[in-house]
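Mind docking these for me? Both chains are given alone in their own frames, and the hints should help you get the complex.
Protein sequences, first through last, are from chains A and B.
Start counting the first sequence at 1; every next residue gets the next number (this note's numbering).
Start counting the second sequence at 338; every next residue gets the next number (this note's numbering).
There may be inaccurate statements among the hints.
[As the list claims (entries may be wrong)] Below, a list of computed lysine-lysine pairs in the DSBU-like style, where the Cα atoms sit at most 35 Å apart:
no., chain 1, residue 1, chain 2, residue 2
1, B, 470, A, 177
2, B, 513, A, 177
3, B, 511, A, 177
[Said to hold, decoys possible] From chain B, some residues computed to sit far from chain A (all C-beta separations above 10 Å):
no., residue
4, 411
5, 413
6, 430
7, 539
8, 610
Hint data in this document are derived by calculation from the structure and do not stem from the laboratory.
All residues carry an ideal CB built from backbone N, CA and C; glycine is no exception.
Here is what each chain is made of, one letter per residue.
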Amino acid sequence: MWNRIYALFVARNTEFFRDRSALAWSVLLPVLIIIGFAYAFTEENPEKFKVALIASSQNSIANEQFKSTRFVKFIEVSDIESSLPKIERHQVDLLFDTNTRNYWVNQTSPNGYIVEKLLIAAFADSDQVLKQNLLQGDAVRYLDWVIPGVIAMNMMWGALFGIGYVIVRYRKMGVLKRLRATPVTPVEFLTAQIMSRLWLLLVVNVLIYIGMDYFVGFRMIGSYLDLFIVFTLGCICLICCGLVIAARISSEEVANGLLNLISWPMMFLSGIWFSLEGAHPWMQKIALILPLTHVTDAAREIMIDGAGLMQIADHLLVLGLSSVVLLAIGARIFRWE
Amino acid sequence: MSVILQVSSLVKRFGDLTAVNEVSLEIRAGTCFGLLGPNGAGKTTTIELMEGIKTPDQGNILYQGEPLGAQFRNEAGIMFQNTALQEFVTVREMLVQFSRFYPRTADIDQLVEEYSLGEFLHQDTRQLSGGQKQRLLLALSLINLPKILFLDEPTTGLDPQSRRNLWERVQQVKAKGTTILLTTHYMEEAYELCDEIAIMDHGRIIAHDAPDVLLARHFDDVVVQIDENDIPPRVGGPEFDATYRNGNAHIVTEDVNRTIEKLLSLGVPLDRLRIRARDLEDLFLELTGKELRA
Chain A
1 MWNRIYALFV
11 ARNTEFFRDR
21 SALAWSVLLP
31 VLIIIGFAYA
41 FTEENPEKFK
51 VALIASSQNS
61 IANEQFKSTR
71 FVKFIEVSDI
81 ESSLPKIERH
91 QVDLLFDTNT
101 RNYWVNQTSP
111 NGYIVEKLLI
121 AAFADSDQVL
131 KQNLLQGDAV
141 RYLDWVIPGV
151 IAMNMMWGAL
161 FGIGYVIVRY
171 RKMGVLKRLR
181 ATPVTPVEFL
191 TAQIMSRLWL
201 LLVVNVLIYI
211 GMDYFVGFRM
221 IGSYLDLFIV
231 FTLGCICLIC
241 CGLVIAARIS
251 SEEVANGLLN
261 LISWPMMFLS
271 GIWFSLEGAH
281 PWMQKIALIL
291 PLTHVTDAAR
301 EIMIDGAGLM
311 QIADHLLVLG
321 LSSVVLLAIG
331 ARIFRWE
Chain B
338 MSVILQVSSL
348 VKRFGDLTAV
358 NEVSLEIRAG
368 TCFGLLGPNG
378 AGKTTTIELM
388 EGIKTPDQGN
398 ILYQGEPLGA
408 QFRNEAGIMF
418 QNTALQEFVT
428 VREMLVQFSR
438 FYPRTADIDQ
448 LVEEYSLGEF
458 LHQDTRQLSG
468 GQKQRLLLAL
478 SLINLPKILF
488 LDEPTTGLDP
498 QSRRNLWERV
508 QQVKAKGTTI
518 LLTTHYMEEA
528 YELCDEIAIM
538 DHGRIIAHDA
548 PDVLLARHFD
558 DVVVQIDEND
568 IPPRVGGPEF
578 DATYRNGNAH
588 IVTEDVNRTI
598 EKLLSLGVPL
608 DRLRIRARDL
618 EDLFLELTGK
628 ELRA
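Excised from the complex, chain B in its bound form (with noise of 0.2 Å):
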């Protein structure tokens, strides 16, 4: 697959602090790219850097091949973390009004079915629920049919149900073959979407391949999950090898069979016990010693 988009040898400073520090990545066409990490990590201003809204102090960034400009302008659809709409203007104004923008655009009622926007489409942007405004900044950022999507945390702040329908409307535009690249602090958001993820810490990038080649290259094990509450308060503590987080123990194994014989043995009721996998946010405390969303 062909590379969209690569950034080399990325530096971008605030003052003293190095926010984004010699950070080097190739998004291949048409696939999800997903840069993962805790608040403060460098995910905004890196992907804010490769969408031109920032300039590095150091490095490169090349769009199909080619500086940024005004070609990358016309083809990438970009969705911020926070963005004001403008006000006393409607759903359907906006969206009128972005799309004189572009030499290339969506029609317009087919945005509006595809996004459900329909229901409020007539609404000043002022009116709508959070939900509704991450829809119609999705469907404002894909107005210009765009190559690459960028995506800067789209589901911070949605409940649950909104934040499974924006993964869904994410879907559709992946299944079109647009290339997304996306940040997020949720690592089930990442696994759910990206073919490929980056984990970033400290403004470097600390781990990078497909979510299930990242957790097979770092464990071999699996982690059986019992309630906190279910352990005898005489097998508690540092002697009983586990982790407890979010009022679960969290014993990590490579053999099940034997670990559920010690349990029986200690006369732990399993009624409540679960064998999972390791997942992102095992490898984020893995590499960094601390978790995702501290």
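In isolation and in its complexed conformation, chain A is listed as follows (with noise of 0.2 Å):
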């Protein structure tokens, strides 16, 4: 049985790595992907730090001064409250309230640390009395939030399309046929072709991941082993999704509309680009169902939060039983014509 596998897992990489056109586009798509982010991610504007202000109405030296420091945004804010959140979030180094002299400050950030010598050096000659008030929170840039996602839609396109659409594209041809011919069964056949797509794909990710970390570096503060785990399951799962499609069809037409149909809804309701909280409640149903809901949480949860593998026990539990329970159907409905 392995043998047949490994012959039939051999023929496919082999396949795969020969297929120019399609080997390029594989390819491409991270790097233009990584491209995209390291672009988009990558501050041009040569004020680094950024500081909150209530504006007040007479205007002390000191105030002046420190506003005048270069390099530094200046964004005037109305009201505290709505400020706080994106201290603790480093997304604003500095909130100060030029009325009641009060600022606040992250004591975990760098930025916020170097912005605070500033304010007091610009008040160190005036009588007004500076009040340090301290909060704390990790840093988490949108980027942060939206890279595991990425990379699991990068999966999801491999995976859903690497399998469903050579399998019917076998089918359409005759491979299947001919291999039905053989002692092959179809659970050694699908093994071979999950397997792989595994690994190509998982290959795939770590560069792309690498790849992102080295352009635009993101924040990871959970075990490596567990997110692989965790791609690794979200893999076999959406393998196991593409499987289902393409255990009857004999036309790259139909499979290809098919494809389409599952994979742009997981793009935008398994909460990829936005969070879904606060959307309409079956948005919020429908995605529970998605497995790149799950990929997405659970991968989010170790790289932002550094969750272990029993805090995520719920997604791992869904996508291990949905893998099983896809791929049981998709042996059980495959033709091999």
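Printed below as a string of structure tokens:
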């Protein structure tokens, strides 16, 4: 059995690497994603620091001196409450109320520390007294939040189309019919396809991860092994989705339509680009049945919050169970012709 | 001789069409059995039922007395009518891949040698010519040293030279004692290769025996063939007892001497005259009222 699986595995890999156009595409797409992100999240703005100010009617010299500091972007805000979370997430380095001379700074933020020194220096010759308010919280940028979803999304395209399209093409061409005339069983054939696609996708995703980390850099405080487990399980689950779609269809056009029909909703309902908090309840319910939601959420919890496997057990359970169910359905309804 | 494959009362329907209608056959071990018939007669459906590729609506198929199972898969070699090969893979890689599917396999180098695959061994399967592809497919179907080999129209679409070449390969396989079941619409191919033939039309078997036995049973006459243009216009047409096919007049006779005397008396030139025995093409025409390759 393993001999047959191995033979099919090798054949599929060979085909993948020799099919230049498909190979180019599967490398190019991730590269484009990395370039896009590197471009979108590279600060060209020389204003390194951001300070939020509550404006006052009477201007003091010290105030003016502080506000004339170069390379600091001053943003006027109207209330304190709404600005505090931004300090906590390091989106703003310091909040200064020019009326009461209260200032808020995040003690874990390096930028906050530097801006605080500048503020104190500006008021050194003044008799006005500054009042320090300390806040806490780790920096989470949109980039950090969106990266897990982007990796998961790239995996989804590769899994659904890489499996679905290939099997449908094999069926249409008659490659499957020829295999049927050999002792190869559907389970052996499908196992080989899953394994081939799985390792290729994992390698590509590891490369994307390294590439993005090098060019843009993002937050990852959890365990790499846990993250790898989440992506592997997610990958298997998405591949199994592709298997179910490809189980019977013999027209590439129909397969293409169906694959798009499930991948695009997944793109937008799995909370990759924006949080679904506050979205319509039925949208949130739909999101829960999509494998991509669980991959993205689990990866976020590991990367952003440093969650362990126990904390994401529910996501892993959903992914594992769906994989088993989808694989069973796929193997059951599979047709060689 | 023992029966290696036995089918009884096979029926296969596609919607309203009964493609295979109550077909029963016994294939004896070591023989070459030919399923002959025009396009659409149900040959391919029948052979695919016997290969286990399609499931019959009714009837039984027994391989060495057992229903088709794992043993059959391991011991059967199959060459389909149209097979697309996996792309981006070389001929040699294809052979290696298929050899991994089976517990008992032929030596790949020997197969390459016997089926002359050496000259394109490292080419992508997409670059093969029709004849090369058929040779590869034949080699692939023999990779598991099959006891029974199924060939579905193995030479359709090949040029005469490639066809003859493939026939020689099939003869080699047969000489080793492999049972062969083949379908064809070339009566010459059936005559050349088969020990036994069954003629199919409209999903039924209408005649079944050794080719010579069939011919002897149905015919005790020969055909005198003359070029159509050699017959003077005044003796042409219905009053002249002949059928016209492919530019020739075919005169069926039990007494060649009398026919030739008659032709001489009519002043027909005999330079291009040919006398031939009745062939499977005639038999088919006789049995169905239509030509094999119509």
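How the hints compare with the structure:
1. B:470 to A:177: holds, 17 Å
2. B:513 to A:177: Holds, at about 27 Å.
3. B:511 to A:177: holds, 25 Å
4. 411: violated, 6 Å
5. 413: violated, 7 Å
6. 430: violated, 6 Å
7. 539: Holds: least Cβ distance 24 Å, greater than 10 Å.
8. 610: Per Cβ check, residue 610 of chain B is outside 10 Å of chain A; nearest 48 Å; holds.
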